[in-house]
Every structure is written in C-alpha cells, then in structure tokens.
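As a plain string of letters, each chain reads:
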Amino acid sequence: MDSGAIIGMITLKGVLALAIGIVNIVIFIYMERKVIADMQVRFGPMRVGPHGTLQPIADVIKLLAKEDIVPAAADRLLFILAPFIAFVPAFMLYLTIPISENLVVADLPLGIFYLFGILTVVPVSVLIAGWSSHSKYALLGGLRGAAQQISYEIPLLASILGVIMLTGSFSLVDIVKAQQVPLIKLGAFTILPRWFIFLQPFGFLFYFTAALADTQRTPFDMPEAESELVQGYNTEYSSIKFALFFLGEYSNALIISALSVIIFFGGWSGFGPIPGVVWFFLKTYVFVYFIIWLRSTLPRIRIDQLMDMGWKILLPLTLVNIIVTGFLMIGR
Amino acid sequence: MPKLKTEEIQVNFGPQHPSMHGVLYLKVTLDGEVITAADPVIGYLHRSMEKIFENRTYAQCIAIIDRADYMSAYFNEMAFVSAVEKLMEVDVPLRAEYLRVILMELNRIQNHALLYGTLGMDLGAVTPVFYGQREREKIFDLFELAAGYRMHPNYFRVGGVKEDVPEEFLTGTAKFCDNFAGWLEEYNTLLTGNEIFRVRTRGVGKIDPTWAINAGITGPLLRASGFKWDLRKNDPYSIYDQFDFEVPVGTQGDAFDAFWIRMAEMEQSLRIVKQALSKLPDGPIKAKVPLNVRPPKGEAYARIESPRGESAVYIVSDGSNKPYRVKVRAPSFLHIGCLPDMLRGQLVADAIALVGVVDIVMGEVDR
Chain A
1 MDSGAIIGMI TLKGVLALAI GIVNIVIFIY MERKVIADMQ VRFGPMRVGP HGTLQPIADV
61 IKLLAKEDIV PAAADRLLFI LAPFIAFVPA FMLYLTIPIS ENLVVADLPL GIFYLFGILT
121 VVPVSVLIAG WSSHSKYALL GGLRGAAQQI SYEIPLLASI LGVIMLTGSF SLVDIVKAQQ
181 VPLIKLGAFT ILPRWFIFLQ PFGFLFYFTA ALADTQRTPF DMPEAESELV QGYNTEYSSI
241 KFALFFLGEY SNALIISALS VIIFFGGWSG FGPIPGVVWF FLKTYVFVYF IIWLRSTLPR
301 IRIDQLMDMG WKILLPLTLV NIIVTGFLMI GR
Chain B
333 MPKLKTEEIQ VNFGPQHPSM HGVLYLKVTL DGEVITAADP VIGYLHRSME KIFENRTYAQ
393 CIAIIDRADY MSAYFNEMAF VSAVEKLMEV DVPLRAEYLR VILMELNRIQ NHALLYGTLG
453 MDLGAVTPVF YGQREREKIF DLFELAAGYR MHPNYFRVGG VKEDVPEEFL TGTAKFCDNF
513 AGWLEEYNTL LTGNEIFRVR TRGVGKIDPT WAINAGITGP LLRASGFKWD LRKNDPYSIY
573 DQFDFEVPVG TQGDAFDAFW IRMAEMEQSL RIVKQALSKL PDGPIKAKVP LNVRPPKGEA
633 YARIESPRGE SAVYIVSDGS NKPYRVKVRA PSFLHIGCLP DMLRGQLVAD AIALVGVVDI
693 VMGEVDR
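Just so you know, the protein sequences line up as chains A and B, in that order. Just so we're aligned: 97 in our numbering is position 97 of the first sequence, and the numbers increase by one with no gaps anywhere. Adding 332 to a residue's 1-based position in the second sequence gives its number in our numbering.
These aren't lab readings, by the way, just hints derived from the structure by calculation. For each residue, glycine too, the CB sits at the ideal point set by N, CA and C. There could be a bad hint or two in this list.
To be verified - If we take Cβ atoms under 7 Å as the criterion, some of the chain B residues that face chain A in the derived model are:
| hint | residue |
| --- | --- |
| 1 | Ile341 |
| 2 | Gly456 |
| 3 | Phe462 |
| 4 | Arg466 |
| 5 | Leu612 |
| 6 | Pro616 |
Using the sequences plus the hints, can you model the full thing?
Below, the structure written as structure tokens:
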C-alpha cells in the first residue's frame, strides 16, 4: 500500500468511528428523553417525526442556529478552545472500542491505558471552560467538575485492574476474548460464561459507581447542579460550543456503558444465531437504560459527600479488591 | 498551622435562577462552598395589596387577597373572611363551614404536593415534581368544579361560600381521597425513603424551638423543631374541633423533619377531607348577609393555620363598605427574615435544600 492509501484508510476508519459515535449518541439522547418522560408520567417529544424520533436532530439544528456568544470579559482563546478539548477526546475513545471481533478501528495493545489517558483530558476542558467564562457559577462548576473527575479517575482505573490481572492484557479485544470461554459447563452446554462480572462482581460495582461520577451522571452530576450553579461550567456557552459539550458528555456516558459491557459482560459474546454486533449494542443499551433510570430516580449527593465517597470509601475498597484478586490468583 | 485563607466571592441567587422559588433574590457571600452571609432581597412582586384593599369593597378584596399566597388561595380568603365575620358577628351555616374545610384541606394537600416536587428538584431529583404536579392537577380540577377557577377561586364569601358545589365535586373528591393514599405511597417510595435524600437532608439546618418561637417561625417549620403548635388544635377556628386528626411533630428540627411533616400533614388533611365529606350536612350555604357588606366600626384579627404557618388578617373598619386598613400577617415574610441566620455556615447545596424546605411564596412576602 502506498502512503496515500494508508492515509485514506486511517481517515476512513476515523470517520467510521465518528459516525458510530454520533449515531449512537443521537439514539441515546432520544432514548433518554423518552424513557425519562415515561417515568415521569408524560409523553416526551411527540411532534418531530413519528413519536418524536427526529427530535435529537431538530435539537442539534436548533443549537447550531443559535447565536454564538462569547462573553466580553471571557478569555477568548481558552473559551473557544474548551469545547473542542471536551469533544475531540470523547470521540477519540471510539477508536479502541471493539464492537465485534473484527469491527474495531484500532486494537491497541494498551487499549485501556489509552482510554483512561484520554478520559483524563475531560477535566481539563471543564476547568478551562469554567475559568475562561468569567462567571462565578461557571467557575464554581468548573472547579467542582475538575475536582470530581480527578478524584474518581483513580478508583475508576483501580476498579478494573482486577480484570486486567485476570486477563493479563491491556487490550480490550483480549479482554473480551478471555470472557468467551465457559465458566461452568454441563456437558457441551455453557451454563455460565466466564464473564468478569461473575469473577469480579465488586470490581464491577466500584467501576460503575466511579464511572457515573467520572462522567458526571446523576446522582453525581455535581458540576451541573442546576439548582445551585445554574448550568455549571457551561453556563456561558451557547450554540455549537454548547452542543460540543453536550455531545461530549453523552459520548462519555455511552463509552462508560460500552466499557461495562466489554470489560464485565462479555462484549460481543452471546448465544444463538444473533450476530455479535447486535449483542454488543443490546447489552450497551441495557446500561444506557440503567443510567437514564438512575437519572430520573435519584437526587444528587452533596459535593463534600461525593469527595468523601471517592477518597475514603471507593479508593480503599478498590485497592482491597485488587489485593484479594491477587491472593486468589496465587492460590489457584 | 496557619489557616488557609481564600477569597470570598459574592454570588447572586435569583431573582432569575433555576433554584429560587418565584422571584426570591438571595445575595450570598461564599467562602469556597460555605456561605458566610446571605441577604434576601424582597420587593420584586410587590403589588401594594394592603393599600389597594383600602379602595375596594370587601367583596372585591376577596378576589385580590387570593393573589397574596398564590399557592394556597383558600387560606387567604378564609383569613380575610373570618376577620370580617368576627367584625360583623355572623354565624356561618354549617354546610358552608364544611365546604370551606374540604377546600382548604385539599388546598393544603395541593401546596404540600408542590413542595414535595420542588424540593426534589432542588436536590437534583427530576421526577418528583411531575408526580406532585399530577395530583395538583386533579385538585385544581376539583377547585374548578367548586368555584369555577383553579388557582384564584374567589369562592368564600362573608357569611358562607359563593354557591353550592355540584354533585360531581363531591363524588370527585371522594374518588380523589380513595386514590391519594396510593399516590402518597409513591411519593414516599420515590423520595422520602431514598438514601441519598436522607443523607442530604438529615441534620441540615437544625432549628431550635426556642429560637424558632423568638424568630416568629410558625407552621411546619416550628413543628419540625419539636414544638407542637397548630392553630387548628390550639385555637380552633371554623369547625376544626369536630374532626379527628393528628398534628405531626418532628424531633430534630432539620430539613428532613420539615419535609416529613409535610408528607404527614397531607395524610392528615386527607383524613379531615374524608370525615368532612361523610358528615357534610344539607342546608344553606350562606348566612343572610348582603354581598356589599358594611361591617360596624371596629377592628378584628383572625388567624388560621395555612400550609406555611400562621396566616392572619387584621382589619380596621370605619363602618363603610371599604376597609379602613388591612394588614396581612404572612408567614413567609417572617420566615424569609430568618434565612440569613439559617443559612450562615451552610454549604451552598444545603442552602438550596433549606430554602426549598422553608417553602417561601414571594406573593405572600411582598403582597
């Protein structure tokens, strides 16, 4: 292959990842509105398209058509830069997500490190947005958001170290492949696959809690605590810049659901004649539904309680989980 | 170790802010996330109500006082009407009293259902508000059947009520009572029993009964602090001595108690409505009083237990068909004065919960 073809391939793969991301986010947004509406005894969007299916697209068009305001007192360069710092990494995450065995843009040997490395960029954007807006609400929201994300990234990574120890690989494809062997077998029948949820149940619990906090979903949606900080770090943003933050956030929540499936629930593995891709998305959307369900049910916990939980409860517990996993591995 | 000093910043909450109820405006000084000073600014909803009364007939006043505490209009009307009735020494027919009690207690449920929703919203739970709104809608439908209007009914009259209720109102209310217990159960499952909600409200903004009495706090907030004071029991007005109901009292005086009292009061209000429905007598609905009343010279003070506290109206009459002076004692006005003391030293997030639980209606504060 000449260099032009390679560049072409890379571009194609990138566009594909972006497309998969955007399509799923659109589904996510629509689903969130409909599911929450259902739980809140109302209909949700009904007008745009049948049952409001085109509502997310209408939302995006509306956002794009809005006036793009940069506050006079804002730090102009940083203010414009922040939404891109939030958006671009969010979509870079899709590159390593294995949708099925062959449907993965790049199966990096250090895939998990790559993912969490990219995720650490998000608080930077939150902090920049909060700081550069020159608004008190945004500043408080930005500080909260950055503090929260930084303190939950450690337990987030530590919670899946158990899985990495069991697999012996950082590659997401390897992690899924390690889950495709049966755990309990009855003759030729697989009763229980070797999904890591059965081997690392606490690991999953810690992972999911930390992940919700890291992506600022309810009950940890502190930076956007509407009742306290208006809209949090993106208070001053409008139009396309707000849309980028918005998409970035949903993208992160989607990635978190997809990662739960890949790391703990066997990725694309399933049973019957249904292809792996369908299984993967089915499982992912179960988690998406769960996240939405949490959002419509739970109040928000307080910022100091959140910090306490991250440092004093979650981090020690994840470390204990790693140690116990280590001992069990030696004992085997 | 030297104490780390951070710069204090002033943040405005309101008058346009997603968490503030109505047009409450709080100037808050923050040290990090801790409030060092809070200063409520009022007057955004001032309509010179008390002055307007002096130029209106008594019948017209009823329509205006509806707008004072716009969430519980029947209580405003009741306070005003009772004051005039005291002045004129009118005996209100029993059926009218029963209808008033039914409507007032439904109004109390409606008001507390709103508080349930907005407090949930303040704490970040998005669903309760829709549940509360669903029941309020049903109560407003009942109000519409009775009075013709939903929020500002203008239904009570000096000496009785405007007109008799239709049959559908009575059956509708009975049906509402049957269903509401189940809805209340839903409320409690969704929010009251929630662990996060409890962590957020337990021990937040504790009120000491002595301080509360000195500060003029009444109603659910005072009862939350452990002091049993309910005018329906302590100074029975109308026909409240004929009903069997409890006065829920808190133990710790924190935000959770104040919230829980609202939930318990809804249950008690439901009991009162049920009893009133079963005992509702036939008969006239209005004493023989003209619409354009001319109370004798003198003054009268009538107080009632509104959902927010002790709501009262003081009327001075000069014998004409217009009051010489009307003073409205609004519980929210006294509660808003306590906010600076209550909020000092709290975290921003707790302050939002506290303002939510104090349940301030700006229409009543500014009048």
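Now for the hints, and whether the structure bears them out:
{"no.": "1", "hint": "Ile341", "result": "6 Å, holds"}
{"no.": "2", "hint": "Gly456", "result": "3 Å, holds"}
{"no.": "3", "hint": "Phe462", "result": "4 Å, holds"}
{"no.": "4", "hint": "Arg466", "result": "6 Å, holds"}
{"no.": "5", "hint": "Leu612", "result": "31 Å, violated"}
{"no.": "6", "hint": "Pro616", "result": "41 Å, violated"}
The structure does not agree with the numbered hints 5 and 6 stated previously, though it agrees with the rest.
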